[in-house]
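Assemble chain D onto chain E, guided by the hints.
Number of protein chains: 2
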Amino acid sequence: MTDAATSLHDFHAIVPAGGAGTRLWPLSRQARPKFLLDLTGSGRTLLQSTWDRLEPLVGAERIHVVTGVAHAGAVHEQLPDLTRLLVEPSPRESMPAIGLAAAVIAHRDPDAIIGSFAADHVIQDDAAFADAVRQAVAAARRGLVATIGIAPTEPSTAFGYIEAGEPLGIDGGPDVRTIVRFVEKPDAETAAGYVADPAFSWNAGMFVVRAQVLLDHLARLQPGLHAGLMRIAAGWDTSDRDDVMAGVWPSLTRIAIDHAVAEPVSLEGGMAVVPGRFGWNDIGDFAALTDIGATSTPGTVWVDADGLVVAADGTQVAVVGLRGVVVARTADALLVTTREYAQRVKEVPAALAAAGRADLQ
Amino acid sequence: MTDAATSLHDFHAIVPAGGAGTRLWPLSRQARPKFLLDLTGSGRTLLQSTWDRLEPLVGAERIHVVTGVAHAGAVHEQLPDLTRLLVEPSPRESMPAIGLAAAVIAHRDPDAIIGSFAADHVIQDDAAFADAVRQAVAAARRGLVATIGIAPTEPSTAFGYIEAGEPLGIDGGPDVRTIVRFVEKPDAETAAGYVADPAFSWNAGMFVVRAQVLLDHLARLQPGLHAGLMRIAAGWDTSDRDDVMAGVWPSLTRIAIDHAVAEPVSLEGGMAVVPGRFGWNDIGDFAALTDIGATSTPGTVWVDADGLVVAADGTQVAVVGLRGVVVARTADALLVTTREYAQRVKEVPAALAAAGRADLQ
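Line by line, the protein sequences are chains E and D.
So for the first sequence, full-length UniProt numbering puts the first residue at 1; every next one is plus one.
So for the second sequence, full-length UniProt numbering puts the first residue at 1; every next one is plus one.
Chain E with its partners taken away, still in its complex shape (with noise of 0.2 Å):
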């Protein structure tokens, strides 16, 4: 039963990517996001890399990447083999745009189970990836909305936590356990308890479910999102998608995965998480690149001092007397900060374009 439990001929891939990154300005763009860019000097981008790790699970026909039309064309020039595109009119958050590819895929293949997973992650050990991924497609075919957690290394206050709870003897998931309860991003304090506490995994917005349950639960919960997904699905391998895109995509309710299906369902006994142990980052800050290795650019001259240097542009950068300072220059920006304040760097781009430079954003 275990092979037939775990098989992933049914399993589609979806891959939102979305999201500016702007805790990494100025290498992170509005019009380059983070997706687009090797942050890990792989020589591949974030959402390459992701590519990479889900097309020997499931096949390049059946990933499907939701982008803005802002960043179609840079997707397609980076995933040569990518033929299933949705892309979005305008950014709506993350329920339609996986409710999308989700009623899309469903209507070609109503068995269809779906799991999505962010273009702009980092994950080290790909097999172990799988396994997790294996596990969250049996509790799928049980009927759950699976997440796949991650084991925390670090009590952030960054994520929201997952708190798991009894095992759910699943086949073909032994690690799949019940969901007591989604937690909000907490202080320092009470994350560092979750860290001290093995049931505890942070959310990282991998949902594996059947799609004809994820749309079962969005008619239920989110009734006029379903119906403007359904009528786009109907349309969508017509000569009519354009049409419907543009007159139901903007009507659709604004909303993350998470308030929309996951919380609810998980108060109804519906959600199961598995846990992640694969070496996950998602790089929301200078300092998470730091975490991963990334290593300043050749040649940077550093005068009783350290920290990351990213030289995009490629120009010699000096650093004299400044520990753990962040510098990543590009042709038509710079930004100068440090590990602690890595997260603060969200500002600069908001302030940017409240000075009226939102192309700089």
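Hints listed in this document are in silico derivations from the structure and should not be mistaken for laboratory results.
Ideal placement from N, C-alpha and C gives every residue a C-beta, glycine not left out.
Be a bit skeptical, because a hint or two may be false.
[As the list claims (entries may be wrong)] Reference listing, derived: stretches of chain D covered by chain E, where coverage requires no fewer than 3 residues with Cβ under 8 Å from a Cβ of chain E:
1) 277 to 284
2) 297 to 305
3) 308 to 321
4) 331 to 339
Showing chain D alone in chain E's frame:
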């Protein structure tokens, strides 16, 4: 008598335009040194401001700029009215540079009085500066080597100090005093004592002396150097100039005017000092740039931060969470440091040279 004593009709200004300004890297470069830059934001470079200060005193035809062959073209471009440009085939420190000009001037005008003024210093009060020059000229007419000292504004350890003695009672030079001694750059404690004592002033390298008196001192103290300069001066206004320079210049002793003349002559009682209070700054480092009121590039974004940002390439800079930071960005390089570390910036071009990147020095 006062008018005759302080008349500048026979006064020539010598402007040694050299020095890389390594503590202002990457704004100041070997290929584009400090004196060629507009560091004050006045719209005029330091060299041009020096010209603007001297020209009303001595006239364009009596300003002699001595510079290296690499910068002759740039000096000509910046000073279109300059007719007296003396080009050093190779750098040999201040005594050969000033001595060359003195010898050439004395050969044309045996009674000339000369004054040397660096090309890269900032002076706020031109009238007070002119008064100090006139007092120094009055002392020079008495056969003394006069220097204009700078009343210290802080206990700097970056300058040598001059200890003044008794007033000399010179007509037209009421503030002129004897020099007790020159002191090398002191430690912080010693410097604090000097600042509290009105007898001490900074040695800013401004010397005023009858050209023939300087040459006579040289003939006695540095006879080899003197003989070489005499040969050059004799050939200067002939078709042999280039040949004589090529043959003689490389053999001239490398020595600073302080060591060659000022210190030994002061021990003989042949020197005088005029205290200068005219808002002087040699812009020795980025802290000095702040001191003279340099402002950050407009549009710089500060988040919980302050300091000085100079984006010479006009790009957008943001600083998050750093106080007293100094950021200097050019098209090909970037420095990040602090006010406190400003003096150590000179280690950067040195490190670049050691790493085979002399092109970025």
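Item to check | chain E covers the region 331 to 339 of chain D, three or more CB atoms within 8 Å, holds or violated | outcome: Coverage by chain E holds here, the residue count being 8 at a Cβ distance below 8 Å.
Next on the checklist: Is the coverage entry for the region 297 to 305 of chain D by chain E consistent with the three-residue Cβ rule at 8 Å?
Outcome noted: With 4 residues closer than 8 Å to chain E, the region 297 to 305 of chain D meets the three-residue bar; holds.
Checklist entry - Holds or violated: the region 308 to 321 of chain D covered by chain E, criterion of 3 or more residues with Cβ-Cβ distance under 8 Å? => result holds (count 8)
Item to check | Coverage of the region 277 to 284 of chain D by chain E, judged on three or more residues with CB within 8 Å | outcome: Our answer is that it is violated, as 0 residues pass the Cβ test (under 8 Å) against chain E, missing three.
The structure fails to meet hint 1 from the earlier list, while all remaining hints are met.
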